[in-house]
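**Student:** Please put together the full structure from these sequences, using the hints given.
Counting from 52, one number per residue, gives the positions in the sequence shown under this note's numbering.
Do not take every clue at face value.
[Unchecked claim] With a Cα cut of at most 25 angstroms, we get these calculated DSS-like pairs of lysine-lysine:
(1) Lys-330 / Lys-109
(2) Lys-384 / Lys-411
(3) Lys-205 / Lys-330
(4) Lys-125 / Lys-484
(5) Lys-385 / Lys-446
(6) Lys-426 / Lys-457
(7) Lys-379 / Lys-339
(8) Lys-411 / Lys-483
(9) Lys-131 / Lys-437
(10) Lys-472 / Lys-457
(11) Lys-100 / Lys-379
(12) Lys-339 / Lys-100
(13) Lys-131 / Lys-467
(14) Lys-131 / Lys-379
(15) Lys-457 / Lys-131
(16) Lys-472 / Lys-484
(17) Lys-100 / Lys-131
(18) Lys-125 / Lys-384
(19) Lys-109 / Lys-287
(20) Lys-411 / Lys-426
(21) Lys-205 / Lys-109
(22) Lys-287 / Lys-325
(23) Lys-245 / Lys-109
(24) Lys-467 / Lys-437
(25) Lys-385 / Lys-437
(26) Lys-437 / Lys-426
(27) Lys-411 / Lys-484
(28) Lys-131 / Lys-339
(29) Lys-426 / Lys-385
(30) Lys-384 / Lys-420
(31) Lys-457 / Lys-484
(32) Lys-467 / Lys-446
(33) Lys-384 / Lys-287
(34) Lys-271 / Lys-325
(35) Lys-271 / Lys-330
[Unchecked claim] With beta-carbon atoms standing in for the labels, derived distance ranges:
(36) Glu-262 / Leu-361: 26 to 36 angstroms
(37) Ala-246 / Ala-172: 28 to 38 angstroms
(38) Lys-384 / Ser-357: 52 to 62 angstroms
(39) Glu-366 / Ala-231: 50 to 60 angstroms
Rather than coming from a laboratory, the hints here were simulated on the basis of the structure. Beta carbons: idealized from backbone N, C-alpha and C, even for Gly.
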Amino acid sequence: PNQKMNGMKSGWASAVTKRIHQQRPTAIGLLISICVLKLRAEASDTGSKAVTTFCTEKAYAQAILHQLSQWRIKTAAAAKEQAAEQTLLELAAARYANTPEGPAYQALAALAREIAQNTAAAAQRAAEDVDAAQTLLSARMAELSVVEAIRSGKITAGTAGTRTASALGVLTSGQAQHCATTGAITLAAATDCKAESEAVNRAGQVGTELERLQSLKVRKPRDLRTVTINIGMEVKGTVNAGAGNYVDLAGVPGCGNNGEGTATADATNAFAAKLSLPKATFHAADLKIQAESGEGNQKKSQTDLSNVALLTADEDLQNAMQKAVAAKPQIQKKVSERTLSALISETAVSDFAEGLAMAKSKGKTEHLKPTEVAKLLFGGENTDVKAVFIDKLIKDTTAITNGEQKIEGTTADLRKNNFSKAVAYFYSKNMKKDSQYSRNKA
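**Tutor:** Shown next as structure tokens:
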């Protein structure tokens, strides 16, 4: 019995050990995946973490604005290229309509039209969404720049003090006179970011992280509305206006005692003020721009002429940035960039093939298999569509007539310079062939 029990224990231990060894690769793989995802998440937040000053904040916003522009440019360029391919294939379909290659070109033209329409619509949406986000983010950065210009500027309490014969109203039952001075804030024209070049470069990395950005690290209006000013007041000697009026001081923002012989900073009895701008503490914001539901914030600031906002509303900026980030172009491949298997999997191509098969059989047909679609339209499942059908269009020189004018060129040449004339010519030529075929058949 003991031997039997030991054997059972040994077998159980062996099975457990075997299972552990089998599961170990899975566990290790899972651990590696978690680590990789964590590292990616941290890496994708590099730009945001660098935002700790105005200089890094500005670089951060500029990188976002630039990347949004690149998205828009990329989508518009893709739309233009796909529209050009669409017209090329439509012209090829017209030219080769009555040839064995005709159905292939017609199917490819149908797909190219669908791709071009989708990309054009995406380009339009991207343009609208990116424009809105760029407008609001640019406005926010202008607001931030003004605040920085104030905080980095100079403030003075004036260069002289003047007695005014009225109470100032600061103190209860104050004298019917006060000392006034006119100060000024001179905004800074520029700020020095040289010492922060490394952090500025890190903040600029947000451009490559934009599609994964969870929140916008640009300060909010509440952080911009207050500029702190230090006000200091100094008294020299004994100031007593009971015996008469204050006297003006020259050279300093203050006033002197009645009867002062020297109405300057050297006065024996006087008081003066000083203003200064303290260094502000930077507080980065955290404006969420990735909606949990996957949909943008649909709230809109209300238009109220009695309460016109002077600063960009967070709500508007949040909504615009959510839409702009979601507008990152997902560019579809052009027809010429797709493999045969990718082409025949498209509904536009398979539907055309089934319609063609139905017309040939003069009745309803079963759904075609991919291999049947490939054979019917392109001659087989090993055909290189680009090489056989599309590259040909830059080599197939022909001549068309437009009245007495003779125009020579390849299909690609005609598309660029004489598309309308070429379409009309090939359409007319096809009509004549169809009429001739009908007469011969009759």
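**Student:** Any hints this thing doesn't respect? Which numbers, in order?
**Tutor:** 2, 4, 6, 15, 17, 19, 28, 33, 34, 37, 39
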